[in-house]
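**Q** Top line first, the protein sequences correspond to chains P and V.
As numbered in the numbering used here, residues 1 to 329 make up the first sequence, in order.
As numbered in the numbering used here, residues 1001 to 1179 make up the second sequence, in order.
Please keep in mind that the hints were generated in silico from the structure rather than gathered at the bench.
If you're wondering where the values come from, they're calculated on a predicted model, not measured in any experiment.
All C-beta atoms in this analysis are idealised placements derived from N, C-alpha and C, irrespective of residue type, glycine included.
Worth double-checking, as some hints may not be accurate.
Just so you have them, the derived chain P footprint on chain V, three or more residues with Cβ under 8 Å [claimed, not checked]:
hint	stretch
1	1004-1014
2	1093-1100
If the Cβ cut is set under 10 Å, some of the chain V residues that face chain P in the computed set are [claimed, not checked]:
hint	residue
3	F1027
4	V1030
5	A1034
6	E1038
7	A1080
8	F1089
9	R1107
10	T1108
11	V1109
12	Q1119
13	I1151
14	P1152
15	A1153
16	R1155
17	Y1158
Chain by chain, the residues run as shown.
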Amino acid sequence: MRIGVYAAGLWTAVALILSLTLLVRPDVPFGNAVLAALPPSLLLGVIALAARYPCRAVPLRKTPISRVLATHVGTALAASSLWVLAWKASPDVITPNLLLLFGIGVVIYDSAVTVHYLTMELEASRIAEEDALRYQVLAREAELKAFKAQVDPHFLFNSLNAVASLCGSRPNDARQMAQLMADFFRLTLRISSKERIPLAEEIELVSRYLAIEKVRFGARLASHIDMDDVAGRCLVPPLLLQPLIENAVRHGIASVVDGGTIDIAANANDGTLRIRIENPTDPDRPQPRGESIGLQNARGRLAAISNGRASLRTAEADGKYRVEIELPS
Amino acid sequence: MIRAILVDDEPLARDVLREYLAADEDFEIVAECANGFEAVRAVTEHDPDVLFLDIQMPKLDGFEVLELLDRSPVIVFVTAYDEYALRAFEVHALDYLLKPFSEERFRTVTGRIKGQLRQPRTAVAPLGSALRTKPLLRLVVRGEDGTIQVIPASRVDYVEADDDSASWSRSSIYLKFVP
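In isolation and in its complexed conformation, chain V is listed as follows (with noise of 0.2 Å):
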């Protein structure tokens, strides 16, 4: 079984994903996300070989969900946007769905998984470091708890070197990062 897990605010764009995977019975779907959020935890306690990603989230967008991500499963990004492809190749994503897209077109999806999975599984790095070509707009903080903060750039007053650790501060919120 090759479990997935869906990502999209829209319900819609979720309902046809899995209307074309339940014809697909190698697949079953562990888990279904409305936002970045809900994403970054699912795949922590999920574990899944596959990610449909949506781009455009509220809070946090699909590249910031790869981010944070300390897995790496096999990563297809559903967007009604073409202007992320190249940066989609970038993340080592598998394919990069338009919306909309037909059936056909699905299954040559699935059926690139399917290979992708069949491969002896090479451990990649998580994506983090190779996602910064482009100044930080917003950083992304996961606690151990899986609980996400986000803070924008701007309202980052500094950054403090601590040893081995690092500290940062926003307004009166003060947080420490030990790696």
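The shape of chain P in the complex, shown without the other chains (with noise of 0.2 Å):
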């Protein structure tokens, strides 16, 4: 508010001082020739200011060119108009030369125009910058966050449990428990410091978790990936899938007393890559409050490396619940 009426008096003073120098007779006494000035002067300032609104509704870059000259070109005269008009109240002060006169409202206008298509440019890029360093620190967080729910140590422990109950009863499957875990664990370190990873590789992660929880629900889970080649070389954050399909098991899987299929199908096209992860649960099963955790980091990370592009639907309906994830690949 105070910095439109700054900005106002500013168009003000400019009209002022260009009336004096160009437009009023030289024969007359400076005292009436302000005098004069100063109401269409004072008019030409209100409207300058005005225009904000104008370049506004027809913003530079989303505008094509011809309408926004058309615009000003028709906002342009018509407050050079009035800007005519207003001189008329007082004809003997000033110079007959009705063209410089209207030309002088058309140049201040104009340069109005000019200095609020800067200043929303300048806010603008304020803007975008302030976005940039949001998402980078909400990626610092997911990041940490994704680090520290890596393992869900119930996951260790019952794992674990397994093993133990393997080696009294069937020792070469205790092994390959315990290898599988070892493959998992390793994978899992070699890729949760990089950056970014094909999607076959989180897939291949997400394959040798599931194997070693088929170990411990048996017939309770089984599991189905579909992905296409192009959908497998798409560069995804690390850990993006592993907590969902986690959350697949501990809360689908898991609660429902005959188990079921983990649908995974990933494809990629037009730029953009969809993932699909699907799963039975127990539509009576107690409400969690809130998001989990692993579909919370999941959505920071998706924000945060895709400047708001990506999206997390999630949707649970006939004992099925299901997350979807899009991203520019």
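Once you've looked at the hints, go ahead and assemble the two chains, each given alone in its own frame, into the complex.
**A** Written out as structure tokens, the structure reads:
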């Protein structure tokens, strides 16, 4: 508001100075000249300030240039006409050069338009900078949380319990289970230090995770992975899917007496990578309060890598829970 | 003979309990259950002395199973989660085994079970009401025939007192409860 008053004052002053130097007849006493020039200058100052609204209505980057020109030529003619009409109230102080009078109105109005566009650009770039910073902070936080959430300790304890159990009855299977766990943790360590990995590697990690959970859950857990080659080559942040698959096991399969299949599908076309995870769930289970940490993390990281162009949606219907991710590939 | 029931949704977790118990001739396993429903039915049917009980299971968790029992066997929780230890204490569980556990640790538990069962059995009331420390998330109803209904609290429209019985409705289903 105060800035608006200053700006209007500034444009008024410019109009006043130009009027006094170029328009007012030299023989008019200075005091009278100022008195005569002040009302039209004030009017033009306010009009120049109001030029912000047509500028907002036709932003440079989003409007065809022809429309921008048409808008501002139209408004400039109108503004300058008002300015000329305002001068008509005191015809005896002023030079009879109507063209010059009209031209000055147009020039002042158009410089106001230029200044408005400049400040709009500055504002836009400041917001973009703030956004970039906010995404950076989000990314950092998400990385930290992802690192902490990498391995659910209960997954480790339950798997170790399975190993202990197998040692008694099927020592060879116990060895194999130990091997699966080692493979999984080794791959987790290797990829978690990277910025981006091909989706195929993340899916490999997920498969190893599921192989361990299958030993624990037996026939209750099946999985199906369907990923096309293009999708496999798309780059994603490491450990983006693993926590979601962990949720699918912990809150999905584990809550259903007969278990079921975790379906993972990934495809890429038109520059978009789409990933879908679907698992059976018990619709009557106690509803958790708010989103799981895994889901929050995934959201945070997606926002961080794509400046808000990625999306994550969840849906639950007919005993199925689904997570759908879309991100630019 | 001490009659035991094993409750765990993971077959391998039951395997290790079975293996350790088999080495102690004082114990006999009368049933194995993979979820809370089966556990409630098996306890009613077999009236065991001791229940080895997992906590996180489909449909009914370990604590909800206890709420539904009308007998009070010795309870030993077996779980990978240490955060339920306090609640386990509140429901008078004898012990709390954290997965994975050593055979030695298991033997101290079987020793304590034997000690407990040698005591004259004090009449311990079924736990039901002692467990109500948290807001209800779901209602579990056991029918006279042993069938179990789980009703999420969010789907209960109303509960109505009706002389000496209570009735409540879940969408279109209407249940009547007679004490």
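**Q** Compare the structure with each hint and give your call.
**A** Hint by hint, here is what the structure shows:
1. Counting residues of the stretch 1004-1014 of chain V whose beta carbon lies closer than 8 Å to any beta carbon of chain P gives 5, which reaches the threshold of three, so the coverage claim holds.
2. Counting residues of the stretch 1093-1100 of chain V whose C-beta lies closer than 8 Å to any C-beta of chain P gives 3; at least three are required, and the coverage claim holds.
3. At about 16 Å, the closest approach between the beta carbon of V:F1027 and any beta carbon in chain P exceeds 10 Å, and the interface hint on this residue is violated.
4. Given hint, V:V1030 at the interface with chain P, is violated; its Cβ is 21 Å from that chain's nearest Cβ, farther than 10 Å.
5. Restraint check, V:A1034 versus chain P: the minimum CB separation of about 8 Å is within 10 Å; hint holds.
6. Residue-level restraint check for V:E1038 holds (minimum Cβ-Cβ distance to chain P is 9 Å; threshold 10 Å).
7. For V:A1080, the shortest C-beta to C-beta distance to chain P is roughly 4 Å, which falls under 10 Å, so the interface hint holds.
8. Because the beta carbon of V:F1089 sits about 20 Å from the nearest beta carbon in chain P, more than 10 Å, this interface hint is broken.
9. With a cut of 10 Å, the hint placing V:R1107 at the interface with chain P is violated, because the nearest CB-to-CB distance is about 15 Å.
10. Hint on V:T1108 is violated. Least Cβ distance to chain P is approximately 17 Å, over the 10 Å limit.
11. This hint is violated: V:V1109 has a C-beta 15 Å from the nearest C-beta of chain P, more than the 10 Å allowed.
12. At about 31 Å, the closest approach between the beta carbon of V:Q1119 and any beta carbon in chain P exceeds 10 Å, and the interface hint on this residue is violated.
13. Satisfaction of the interface hint for V:I1151 is found here, the shortest Cβ-Cβ separation to chain P being roughly 8 Å, below the 10 Å cut-off.
14. Checking V:P1152 against chain P: minimum C-beta separation of about 5 Å stays under 10 Å; hint holds.
15. With a cut of 10 Å, the hint placing V:A1153 at the interface with chain P holds, because the nearest CB-to-CB distance is about 8 Å.
16. Here the hint on V:R1155 is kept, as its CB sits about 8 Å from the closest CB of chain P, short of 10 Å.
17. Because the closest C-beta pair between V:Y1158 and chain P is about 19 Å apart, greater than 10 Å, the hint is violated.
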